[in-house]
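When you get a sec, could you build the whole thing from the sequences and use the hints?
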Amino acid sequence: MVTRIDRRMAKLRNEGRPALVTYFMGGDPDYDTSLSIMKALPKAGADVIEMGMPFSDPMADGPAIQAAGLRALKGGQTLVKTLKLASDFRAGDDETPIVLMGYYNPIYIYGVDRFLKDAIASGIDGLIVVDLPPEMDEELCIPALKAGINFIRLATPTTDDKRLLKVLQNTSGFVYYVSMTGITGSALADTGKVATAVQRIKGHTNLPVCVGFGVKTAEQARVIGANADGVVVGTAIVNAVANVLGPKGEKTADPAEAVATLVSGLAQGVRSARLAAAE
Amino acid sequence: MNKPATPNSFRTGPDEQGMFGIFGGRFVAETLMPLILDLEKNWNEVKNDPDFRAELTDLSTHYAGRPSKLYFAEGLTRHLGGAKVYFKREDLNHTGSHKINNCLGQILLAKRMGKKRIIAETGAGQHGVASATVAARFGFPCVVYMGATDVARQSPNVFRMKLLGAEVRPVTAGHGTLKDAMNEALRDWVTNVEDTYYLIGTAAGPHPYPELVRDFQSVIGTEARAQILEQEGRLPDTIIAAVGGGSNAIGMFHPFLDDKEVRIIGIEAGGRGLDGIEHCASMNAGSPGVLHGNRTYLLQNADGQIMDGHSISAGLDYPGVGPEHSWLRDSGRVEYVPILDDEALEAFKLTTRVEGIIPALESAHAIAHAVKIVPAMDKDQIVIVNLSGRGDKDVHTVASMLGMEI
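Chains as they are written, first to last, in my numbering: chain Z, 10 to 288; chain E, 1122 to 1527.
Treat the hints as calculated values from the structure; they're not laboratory data. Note that the Cβ used here is the ideal one computed from N, Cα and C, for glycine as well. Treat each hint with caution, since some may be false.
Claimed, not checked - Derived lysine-lysine pairs resembling DSBU-like cross-links, with alpha carbons at most 35 Å apart:
#  : chain 1 : residue 1 : chain 2 : residue 2
1  : Z       : K260      : Z       : K83
2  : Z       : K175      : E       : K1190
3  : Z       : K211      : E       : K1237
4  : E       : K1470     : Z       : K175
5  : Z       : K175      : E       : K1237
6  : Z       : K171      : E       : K1162
7  : Z       : K93       : Z       : K225
8  : E       : K1500     : Z       : K211
9  : Z       : K52       : Z       : K20
10 : E       : K1232     : Z       : K202
11 : E       : K1162     : Z       : K202
12 : Z       : K155      : Z       : K175
13 : Z       : K20       : Z       : K48
14 : E       : K1236     : Z       : K202
15 : Z       : K202      : E       : K1190
16 : E       : K1236     : Z       : K171
17 : E       : K1168     : E       : K1381
18 : Z       : K171      : E       : K1237
19 : Z       : K155      : E       : K1237
20 : E       : K1237     : Z       : K225
21 : Z       : K225      : E       : K1236
22 : Z       : K83       : Z       : K93
23 : E       : K1500     : E       : K1190
24 : E       : K1162     : E       : K1232
25 : Z       : K175      : E       : K1232
26 : Z       : K155      : Z       : K48
27 : Z       : K175      : E       : K1381
28 : Z       : K260      : Z       : K90
29 : Z       : K93       : Z       : K257
30 : E       : K1470     : E       : K1500
31 : Z       : K126      : Z       : K155
32 : Z       : K257      : Z       : K48
33 : E       : K1232     : Z       : K171
34 : E       : K1168     : Z       : K171
Claimed, not checked - Cβ-Cβ distance ranges computed for the label pairs, FRET-style:
#  : chain 1 : residue 1 : chain 2 : residue 2 : range
35 : Z       : G85       : E       : S1276     : 33 to 43 Å
36 : E       : D1513     : Z       : A156      : 53 to 63 Å
37 : E       : R1233     : Z       : Q208      : 33 to 43 Å
Written out as structure tokens, the structure reads:
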């Protein structure tokens, strides 16, 4: 089954440039603002949208995404509403791939079968579930693949060659390489090491390899994008939202515009990435 | 929930995937998976290694003071006028609780694995103190994550940890309790994968932690079983222990699980009552979910968001429970019942007065249940309560509950 992710990645491969994968938190700071942010992403140059599903206990996330999740939950966000965000977005955009990213428990409580059915109906293309390693594939990964939703796995610096095969086995859509050992929003790792790791993964799979964790600026996107098939930016976008919220959560500027400005710059970085590679 | 078929033995879990029925497992980020597999491999090597066991036994004896006594609580027995009450005196261990049993085992494992740094989470501070203690003894730097609320209500233990050379990092996320401390410890571990050993204090978390913590704590039940046979010539009718994450309870229960005649009761923190949200009775008022690397009973809302809960006792203030307890609950082998803050406080005062023992508020929950059931039992029946820790750390909390200043 060919998903929107597969189509988009193939198109970018033909264009000879990496994808800009943008993460935002669904429902941050409220439903309507979040929908306007989501709509602004492709217009500003995002190729793939990752939508965070807020969770009370995000063990792999740094302070910025923790805070974004709590803002969303405080604003009344639920998994039902996160799926609705996707379907509202789909009404005006049937091309941009949407990947849901988060933790397993809200999906487990929603019910895996019901979730997959509703996710497909909402136009979801892929899932990244941080706390479901290959050892737990029966939980969600296999049912998702059967349902025609990509299950995008994280590979990390601790994933050695032997384990990599296991990680890649049921992965589809793309491989998400976590640039360093740590939580989201930490400092970017040595880009040389990241490039080596991307090459190592590519030796084992034909899937696109996108790199995330620590990429915050257009220049970093350009350097990482020289070797990777995609660059994931999350914390910087979430911070762009936080920066226009006052102490009581009131908006001091338009969050969607703040995100669009940042993403436009990142998009330029990504689009000049292969020039960087040629340098 | 379907009740699983009754197994021939309740002592064979977990399976190779780290599951106790549907509970347990390895729900962690990929970054941590290789570390957990490495821990499992090392654990499997040492668990039946006579040299490792000998070193642990030697430390348990000469450093921690094992075996802990099985004490006939004559004052409480007389006061209640029913079954004979025994206390398993884990409060007499070095560092004042059962936590040292697990910490000694895990620090030897960390040493064998060549780790250079210890991290731990703590609620009441008992596990933090025990971790800081073994880190000092074996020369490891140690960072303890502790919820900011707990730092405030357990200040004596915070000071002890600092004296022992540990760095205590207060965690302000959530309600600033054990759950949040555990999140932060996991974030540290995912960042410092090369040299750090995560010394989990309770029988929860990803496989193999629930199994290895249980095995290190099972010394409690193994001793108690032998001691009661020695002192009374028979097994007890009932054993009781408090359950937060559940390490003292699983350590007490596990050696008795296949003794069908022994009634086993775990006590959850009922807080201010199960009607509202101010309790930590995940097995009485929660539902199965996935948190901190395992599937288990959790306090959560309809959207799968974890609730914070409440207990007078910092050590029970956790919205989940070890996965083996969840399995024992569903299989029907162990009963889990709640005890309210007020009932625990009364038991704390009573034990102090009639036994001259100040119990930890966690243990006071277990005693409170004995206070309820013992009077209706026959005088020749026997109840063992696991006195998991001493209550010196709780005097500030108790004083403020009683409206006193100290």
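To see whether the hints hold, each was checked on the structure:
no. : hint                            : in the structure
1   : Z:K260 with Z:K83               : holds (15 Å)
2   : Z:K175 with E:K1190             : violated (49 Å)
3   : Z:K211 with E:K1237             : holds (34 Å)
4   : E:K1470 with Z:K175             : violated (56 Å)
5   : Z:K175 with E:K1237             : holds (29 Å)
6   : Z:K171 with E:K1162             : holds (16 Å)
7   : Z:K93 with Z:K225               : holds (28 Å)
8   : E:K1500 with Z:K211             : violated (73 Å)
9   : Z:K52 with Z:K20                : holds (17 Å)
10  : E:K1232 with Z:K202             : holds (30 Å)
11  : E:K1162 with Z:K202             : holds (28 Å)
12  : Z:K155 with Z:K175              : holds (18 Å)
13  : Z:K20 with Z:K48                : holds (21 Å)
14  : E:K1236 with Z:K202             : holds (24 Å)
15  : Z:K202 with E:K1190             : violated (56 Å)
16  : E:K1236 with Z:K171             : holds (23 Å)
17  : E:K1168 with E:K1381            : holds (27 Å)
18  : Z:K171 with E:K1237             : holds (26 Å)
19  : Z:K155 with E:K1237             : violated (44 Å)
20  : E:K1237 with Z:K225             : holds (32 Å)
21  : Z:K225 with E:K1236             : holds (33 Å)
22  : Z:K83 with Z:K93                : holds (18 Å)
23  : E:K1500 with E:K1190            : holds (22 Å)
24  : E:K1162 with E:K1232            : holds (15 Å)
25  : Z:K175 with E:K1232             : holds (30 Å)
26  : Z:K155 with Z:K48               : holds (29 Å)
27  : Z:K175 with E:K1381             : violated (43 Å)
28  : Z:K260 with Z:K90               : holds (21 Å)
29  : Z:K93 with Z:K257               : holds (26 Å)
30  : E:K1470 with E:K1500            : holds (24 Å)
31  : Z:K126 with Z:K155              : holds (11 Å)
32  : Z:K257 with Z:K48               : holds (25 Å)
33  : E:K1232 with Z:K171             : holds (26 Å)
34  : E:K1168 with Z:K171             : holds (26 Å)
35  : Z:G85 with E:S1276: 33 to 43 Å  : holds (37 Å)
36  : E:D1513 with Z:A156: 53 to 63 Å : holds (56 Å)
37  : E:R1233 with Z:Q208: 33 to 43 Å : holds (35 Å)
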